[in-house]
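Listed in order, the protein sequences are those of chains L and F. Following the working numbering, the numbering of the first sequence begins with 405 at its first residue and continues without gaps. Following the working numbering, the numbering of the second sequence begins with 12 at its first residue and continues without gaps.
In short, the hints are calculated from the structure, not lab data. Any given hint could be a false lead.
[To be verified] Taking lysine-lysine pairs in the DSS-like style, the calculated list, with each CA pair at most 30 Å apart, reads:
1. Lys465(L) with Lys73(F)
2. Lys513(L) with Lys494(L)
3. Lys567(L) with Lys554(L)
4. Lys465(L) with Lys80(F)
5. Lys443(L) with Lys73(F)
6. Lys51(F) with Lys443(L)
7. Lys526(L) with Lys513(L)
8. Lys443(L) with Lys80(F)
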Amino acid sequence: MYFLAAEGGGSEHNPIIPAWQEIVVGGIAFILLCVVLMKFVFPRMEQTFQARVDAIEGGIKRAEAAQAEANQLLEQYRAQLAEARTDAAKIRDDARADAEGIRQDILAKAREESDRIIAAGKEQLAAERATIVRELRTEVGTIAVDLASKIVGESLADEARRKGTVDRFLSGLESTGAR
Amino acid sequence: MFGQANVLAQGQAEFPPSVGDFYLPSILPWGAENSYWFTKITAMVWIAVGILIIFFLVSYRKPQLVPTKRQWYAESIYGFVRNNIAVDMIGHTGVRFAPYFTTLFCFILLTNFFAILPFFQISPNSHIAFPAFLAVISYVLFNYIGIRHHGFAKYVKNSLIPPAPWYILPLLIPIEFFSTFLVRPFSLAVRLFANMFAGHMLLLVFTLGGFAMLSANVWLAPVSVLSWVMTIALTFLEFLVIVLQAYVFTVLTASYVQGALADEH
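Based on the provided sequences and hints, a complete structural model is requested.
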């Protein structure tokens with residue numbers, strides 16, 4: 405092969421046979437490159453990729469957690485709101501019931517009071533009436549006796565007679581009035 | 012590094028170009044013919060390594076969750092090799108090989124790219140020493156991975172004995188041995204080397220050919236111009252080859268690793 409190349413190329417160089425010096429130089433240079441890049445650069449790139457993945461996935465996870473918490477809070481608030489509504493409704497009902505009770509009480513008291521006032525008025529009226537009737541009866545008796553004395557001309561002041569006559573008259577009056 | 016330019020300027024370049032054009036005089040000691048320690052080629056390798064180290068270290072000095080533009084570039088390169096080569100070829104276990112594949116890819120891509128970069132204009136990979144070294148690393152890597160994963164006996168059995176009827180095995184086992192353990196490093200190295208070698212040779216032919224025709228006969232000047240236009244066109248082709256070969260080398264290494272890790276043939 406060396407012979408062929410030497411003949412064909414017309415020079416002492418053979419492109420197929422590597423120069424060992426170049427292998428050494430190329431080897432050292434390439435290994436240096438490998439060491440530096442594979443130790444200091446590409447692992448850090450993998451770390452960065454990983455960190456990026458973590459950042460994205462962590463962000464999603466955080467967002468999910470926040471969402472869950474928000475949902476939970478929402479549920480809680482809803483529950484509280486519902487509870488508050490029932491409370492309010494209960495309070496309203498209670499208040500309404502109370503108000504009704506109070507109204508009934510007041511009405512009952514007022515009725516009682518009015519009954520009492522009416523009863524007292526009636527009593528008073530009856531008493532006054534009785535007094536007036538009694539006074540009238542005396543007066544009518546006196547007047548009637550006086551009139552009769554004047555008409556008859558004699559004194560009817562006889563105690564026993566007078567009393568019986570007048571009472572009889574008045575009873576007759578009352579019985580016709582009642583009829 | 013400027014030896015080539017001098018040679019062109021002084022009109023000393025001979026046509027047709029030969030293998031000797033790939034072996035430039037040494038830089039240190041200056042002008043020595045057969046000294047390889049410090050030549051334009053080795054200098055370019057060091058420059059490539061320096062550029063890559065500085066680029067990655069600077070752009071990844073302070074990695075942030077929300078990347079800066081430079082950090083994003085660096086991550087894109089790594090992400091490309093990681094997802095489109097390592098993970099695609101090997102699966103999720105391939106992630107642990109992604110750093111090496113990325114280093115390999117970047118190194119080959121940049122050293123290849125010197126083939127069309129003004130003032131560099133030759134790729135170190137047109138000297139077989141560098142592709143050979145990379146191929147040896149790939150070879151050792153996939154064999155080591157396979158032996159560590161399966162144990163020596165099972166790995167050799169997996170690699171050599173395909174699921175075929177027994178009577179065809181005497182034919183298949185030597186072929187498998189030949190292709191897996193003998194040819195692979197050579198095909199890797201030679202594919203890259205030959206592509207870069209041929210690319211440089213093509214560009215030399217069309218560039219120097221233009222000068223040769225011009226100096227032979229002034230009336231050939233239009234053809235010289237055509238030749239140089241071809242050089243420009245071929246430079247674009249060369250760019251395609253550069254990227255493709257870097258990709259192919261990395262993908263094949265990944266494929267060999269995947270084959271070594273595979274449970275069955």
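- Item | Given pair status - Lys73(F), Lys465(L), alpha carbons within 30 Å | 27 Å, holds
- Assess, step by step, whether the Cα of Lys567(L) is no farther than 30 Å from the Cα of Lys554(L), and give holds or violated. Between Lys567(L) and Lys554(L) the Cα gap is close to 18 Å, so the pair holds against 30 Å.
- Take the C-alpha atoms of Lys526(L) and Lys513(L), compute the straight-line distance between them, and say whether it is at most 30 Å. 19 Å, holds
- Under the criterion that the straight-line Cα-Cα distance not exceed 30 Å, is the pair Lys51(F), Lys443(L) satisfied? Holds. Lys51(F) to Lys443(L) sits at ~29 Å (cutoff 30 Å).
- Does the structure keep Lys443(L) and Lys80(F) at a Cα separation of 30 Å or less? 22 Å, holds
- Message: Check the hint pairing Lys513(L) with Lys494(L) against an upper bound of 30 Å on the C-alpha distance.
- Response: Roughly 28 Å separates the two Cα atoms, so the pair holds.
- Quick one, are Lys443(L) and Lys73(F) close enough, alpha carbons at most 30 Å? Given that 30 Å is the threshold and the Cα spacing comes to 15 Å, the pair holds.
- Query: Are the Cα positions of Lys465(L) and Lys80(F) separated by 30 Å at most?
  - Reply: 29 Å, holds
In this structure, none of the earlier numbered hints is contradicted; all agree with it.
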